[in-house]
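Residue numbers for the sequence shown follow my numbering, beginning at -11 and rising by one.
Each hint should be verified, as a subset may be incorrect.
[Stated by the list, open to error] Now the in silico label distances, taken between C-beta atoms and shown as ranges:
| id | residue 1 | residue 2 | range |
| --- | --- | --- | --- |
| 1 | Leu51 | Val112 | 18 to 26 Å |
| 2 | Glu7 | Ala48 | 16 to 24 Å |
| 3 | Val112 | Tyr59 | 19 to 27 Å |
| 4 | Ala11 | Gln46 | 17 to 25 Å |
| 5 | Leu53 | Pro85 | 42 to 50 Å |
| 6 | Gly33 | Glu8 | 14 to 22 Å |
No lab work stands behind these hints, which were simulated from the structure alone. Don't be surprised by glycine CBs; every beta carbon is placed ideally from N, CA and C.
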Amino acid sequence: MTDTDTSSSSIPGVGPDDEELVARGERFVEIAAAFLVAVSLVGIGYYIARLGTGKLPQQAVRLLLTAGLAYALVRGKRWARWITVLLTVLTFVVVLPTVARSVFRDIPALESVGLLALLVGYGVIGRGLLYSRSVRAFFAARDPGHRTSVPPVT
């Protein structure tokens, strides 16, 4: 193998038998990226329905930033992984009290269910990006300049 070979079998700790591990990590990251963009689109639609189009340019910028972050995630950029983890944790911290308050206030059921779905989705994404062995293998395969071993399954 050459120094420029970025196949998963050239990564320390990820042998040829672990290519499925990298593929699973890639699928998770693709689904997470799609979820982030979809949530942004739904959020823009909800914002427009509730408050009108007065701040549509800001919403468009938010969508473009989210799409750019999602693209960087799919490309395997480590910085995108950690920014996404930070943003999912922040979103989780902000949304959790809102969901808890919705139980005791007159927040419409549809909004409560939507917030709960958002909470669960961001929780799954954050957990996967932080702890998933397959996600670590995917990022290791995509970033040959920053090689870290993928710990064995225990």
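Against the structure, the hints come out as follows:
{"no.": "1", "hint": "Leu51 / Val112: 18 to 26 Å", "verdict": "22 Å, holds"}
{"no.": "2", "hint": "Glu7 / Ala48: 16 to 24 Å", "verdict": "39 Å, violated"}
{"no.": "3", "hint": "Val112 / Tyr59: 19 to 27 Å", "verdict": "20 Å, holds"}
{"no.": "4", "hint": "Ala11 / Gln46: 17 to 25 Å", "verdict": "38 Å, violated"}
{"no.": "5", "hint": "Leu53 / Pro85: 42 to 50 Å", "verdict": "25 Å, violated"}
{"no.": "6", "hint": "Gly33 / Glu8: 14 to 22 Å", "verdict": "37 Å, violated"}
Figure legend: structure checked against the earlier numbered hints; hints not met, in rising order: 2, 4, 5, 6.
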